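A.B. asks: Got two chains here, separate frames each, mind docking them using the hints?
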Amino acid sequence: VVQLHRELAADLERSGAALSVIGNGRPSFMSGFRDKSDYDGPLYTDPGRRTYRALGFRRGLGATLLNIDTPRAAVDAYRQGFRQTRTAGDPWQLGGVLVVEAGGEIVYEYASRFAGDHPEAAAITTVLSRASRPAGRSS
Amino acid sequence: VAVSSAVSFSGLRVRPINPISGMTVLDEAGEAVEIDRLWRDGGGVLVFVRHFG
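Which chain is which? The protein sequence lines are A and S, in order.
Under the working numbering, residues 1 to 139 are what the first sequence spells out, in order.
Under the working numbering, residues 1001 to 1053 are what the second sequence spells out, in order.
Hints in this document: simulated from the structure, not taken from any laboratory.
Remember, it's a predicted structure, so these values are computed and weren't measured experimentally.
Ideal Cβ positions, reconstructed from N, Cα and C, are used throughout, including at glycine.
Careful, some of the hints might be misleading.
[To be verified] Here are the in silico distance ranges between beta carbons for each label pair: (1) S/Asp1041 to A/Ser129: 26 to 32 Å; (2) S/Ala1029 to A/Ala54: 33 to 39 Å; (3) A/Glu13 to S/Arg1037: 17 to 23 Å; (4) A/Ala121 to S/Gly1030: 28 to 34 Å; (5) A/Arg26 to S/Pro1019: 21 to 27 Å; (6) A/Ala102 to S/Asp1027: 31 to 37 Å; (7) A/Ala121 to S/Pro1019: 20 to 26 Å; (8) S/Ala1029 to A/Ala123: 16 to 22 Å.
Pulled out of the complex, with its shape left as it was, chain S reads as follows (with noise of 0.2 Å):
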């Protein structure tokens, strides 16, 4: 079955998987870091900025 992803009055989410998993950003120096090592070691609280200003 498939569950989209739900948005509530406050703004709160429930998803049944882990659309980023596999993906990359980039660390300080440019180089590329595949998304999952930042909860693979005891969890991860993934805070997404609007922009750097």
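Only chain A is shown next, with the shape it has when bound in the complex (with noise of 0.2 Å):
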């Protein structure tokens, strides 16, 4: 998330776009997540999922543990300097990344296939250009 936050910066400034992080599992989760990420943006949960299974975002062992790109992911994100501490929330949930224009329209989702599947933050710098592009004009 803090990667992603990062490498967005930029264009969330010219789009004037507000990056938030949604999660699961009770508000008092939501400290431990700062202090193990160093995110200081927005953060909310949802505990019921209720949005998670509106967007229809993955749940259960064959998407999770059981899915074979998981370990693959997994590694990478060691590799990467990541660690997977307790899990705070649902540990069979998946999740994903919308990007939603002012009016509500949905111009963007990612809906992750496996633990630690995330979209490239150039396809979400592309939709946020298109998104804060002036109306009328084309590329």
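C.D. replies: Here it is as structure tokens:
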């Protein structure tokens, strides 16, 4: 999350969009997340995971522990210095990323396919640059 | 015409409506926040994490 936040910082500034992180589990879990991640932006939780379900984000053993791509993603994350600590929230839930315009239209959506699967920041950058472009102009 | 969401191999989706508009999340104080606030002022990038671990 912090890495994505850093990579998108200039694009967020340019587009006027705000990055928010949403997790699941009790609100008390959020302070631990801040401590471990150094993330200092807007942070929320959806304890009932209603938003996750509405967006169709994957959940279950097949999407997490038993997914063939999960170990590779875990090794990659470990090599990059990330460490999995005690789970605070639903361990079987996967997440994703949305880009939503001010009017509420979802202009980009990425649903993680396995634990450790994230969209490329460049894809979000492209969407943000389109969203911030004045109406009527083409590329 | 009803259009359901479709998932490509890249994980990208196309969706005709916003299914979470009007829903609420909790802030760090445990107060309910309408999720629309996260994009209403200039748009938003919402990162849904697996968990807080």
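A.B. asks: Please go over all the hints and tell whether each is borne out by the structure.
C.D. replies: These are the hints, each one checked on the structure:
no., hint, in the structure
1, S/Asp1041 to A/Ser129: 26 to 32 Å, "19 Å, violated"
2, S/Ala1029 to A/Ala54: 33 to 39 Å, "24 Å, violated"
3, A/Glu13 to S/Arg1037: 17 to 23 Å, "20 Å, holds"
4, A/Ala121 to S/Gly1030: 28 to 34 Å, "31 Å, holds"
5, A/Arg26 to S/Pro1019: 21 to 27 Å, "24 Å, holds"
6, A/Ala102 to S/Asp1027: 31 to 37 Å, "21 Å, violated"
7, A/Ala121 to S/Pro1019: 20 to 26 Å, "25 Å, holds"
8, S/Ala1029 to A/Ala123: 16 to 22 Å, "33 Å, violated"
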